[in-house]
Amino acid sequence: MGHLIKIANHILNASEKGTLSSFITENVSPDVVDAWEAFVLNQLAEINKSNQLCLGGVHPALSSSEDGNKEFSNVPFHQGAEVQQEIFTEFQMQNVPPQFENFSFSDQEEFTEGEEAL
Numbered sequence: 001m002g003h004l005i006k007i008a009n010h011i012l013n014a015s016e017k018g019t020l021s022s023f024i025t026e027n028v029s030p031d032v033v034d035a036w037e038a039f040v041l042n043q044l045a046e047i048n049k050s051n052q053l054c055l056g057g058v059h060p061a062l063s064s065s066e067d068g069n070k071e072f073s074n075v076p077f078h079q080g081a082e083v084q085q086e087i088f089t090e091f092q093m094q095n096v097p098p099q100f101e102n103f104s105f106s107d108q109e110e111f112t113e114g115e116e117a118l
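For the sequence shown, UniProt numbering assigns the number 1 to the initial residue and increments by one for each residue that follows.
Warning: the hint list may mix true and false statements.
[Unchecked claim] Subject to a maximum C-alpha distance of 25 angstroms in a straight line, what follows is the list of computed DSS-like cross-link-like pairs (lysine-lysine): (1) K49 - K17; (2) K6 - K49; (3) K6 - K17.
Just so you know, these hints were derived from the structure itself, not from any lab.
Please take these sequences and the hints and turn them into a complete structure.
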């Protein structure tokens, strides 16, 4: 249904900006024009309003200072790929059982021996 809403918004924008409105009033019956105007004022306006809302509420960066989260407002986030990879690796290791902590794939010869025989 989203594609129909997008088409309706394009028609509305084109009729507001150009000569499409005069074309519609000249070539479309008045009852269809009235139904279109009612649709634009009621259903389309509601849908456009709900589509502009941020899912989950207000984004934390846009929240006001009255929210009481001042202690979290200056938390720095590192944007480097290496830093993010390191943080993710540390996160993954938090829940690893002790018997798997030293497990790694550093010995690649074990996995490539079968390929040489082919």
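Which earlier hints turn out false for this structure, listed by number in ascending order? none
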